Amino acid sequence: MSKDRSSKNTMENSGLSADEQLLFCNARPEPYKPYSIKAVEDFANWARANSLWILAFGTGCCSIELRPLMTARFDISRFGIAGRPTPRQSSVFIIGGYVSVKTLKRIIRSYEQMQGPKFIIALGSCPANGGMYFDSYNTINQFDLYLPVDMYVTGCMPRPEALLAAIMELKEDIKAGNCDGANRYVENLDWYKANQKKVIKNWDMPDYNW
Amino acid sequence: MNTLLDRLATDFGIYDISDRKPAITTLKVEKQQAERLIRELRDREGYTHLNFITCIDYIEQGIFTLVYMLHNYGDKSTLGVEVDIDRENAEMTSIHTLWAQAWTYQRELREMFGINFPGSPRQEEDFCLEGWDDIPPMRREFNTKTYSTETFGHREGRVSEDPREHMKAQLYPTRGGDN
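Protein chains in written order, with my numbering: chain A, 45 to 254; chain B, 265 to 443.
None of these hints come from the bench; they were simulated from the model.
Bear in mind that the values here come from a model prediction, so they are computed numbers and not experimental data.
As a list, the in silico DSS-like pairs of lysine-lysine whose alpha-carbon atoms are at most 30 Å apart:
#1 Lys409(B) x Lys146(A)
#2 Lys237(A) x Lys409(B)
#3 Lys409(B) x Lys241(A)
#4 Lys245(A) x Lys409(B)
Examples of chain B residues toward chain A, derived with CB under 10 Å:
#5 Asp390
#6 Leu393
#7 Asp397
#8 Asp398
#9 Lys409
#10 Thr410
#11 Arg419
Note that beta-carbon positions come from the ideal geometry of N, C-alpha and C, so glycine has one too.
Using the sequences and the accompanying hints, generate a full structural model.
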């Protein structure tokens, strides 16, 4: 290993042992820079908006709403949206309802492995303010402390129509170039990481999961 | 059922037998006799299925009540064996030698209530909670609202309504919320 591990642009990875640190990348992520020509960037945004691939990771009870979306009645594929089995292939992360601390760790891991451009839709009232689990010892109350959210859908649980409306709105936002959640995450990475490590007490993974 | 209970009552010092439902009977037994009684029920009396192990926290009396729910497929009866253990230094004999699945319950009880089962496999590992460093959350002295607000914060603007009063005001506004 001849990587420079002391430069300013690296993460500490202090949750890993010395041996494990050699196995993981410790580079800091960098924000996305738009194309300098506006027409090209607009075209790229149009393309992004029309190929949203959802990560098939149901994190709570609201993700039951994703099943009717895929089948004939609501049929989400007519909007160019498909489910994908792995984070590497997907661009939309739908947080399906309540997020326990144990799941939050897996969500962070999956989100960081997703390749940009990537967007988060938070479904239901639990990620927004805790919902019915506001006093739970194990469920977070404000999801946007830990990861950037591009679109909230209220309801407990929201109907598939509400989710469809949110996806339509997300598309418009992407086309207008307003969805900069991934950039916010990278620019404020230290703040997000401090919040994440406050609740995830056994942090035994790299600081950024490339 | 009654003859069985009469015989067990003299052999194992069972007390406080009560019929909760037509097919569910519970009985209390001393901690030292519990494992022997459960073994007897499983091997001789046909209670071959362990439904679950759970715990009730009687904080006022300073005890945990462990409930071993056993099922008999022969006469389709269910028997709950209740054991009172001390709340401080809570410890109980492990029954993972009787049913292998018992150690999962015992792991959960250790994490949620802090009850120790010496010899039970993988007791020290995290089960549901990862990196938990407070008192076990299902103990009644644990204030879950305070913990949640301190750890996870509170979103400004969140309000709670009394459902009954709120719906009255919504449904009967002209009568001042009186139905």
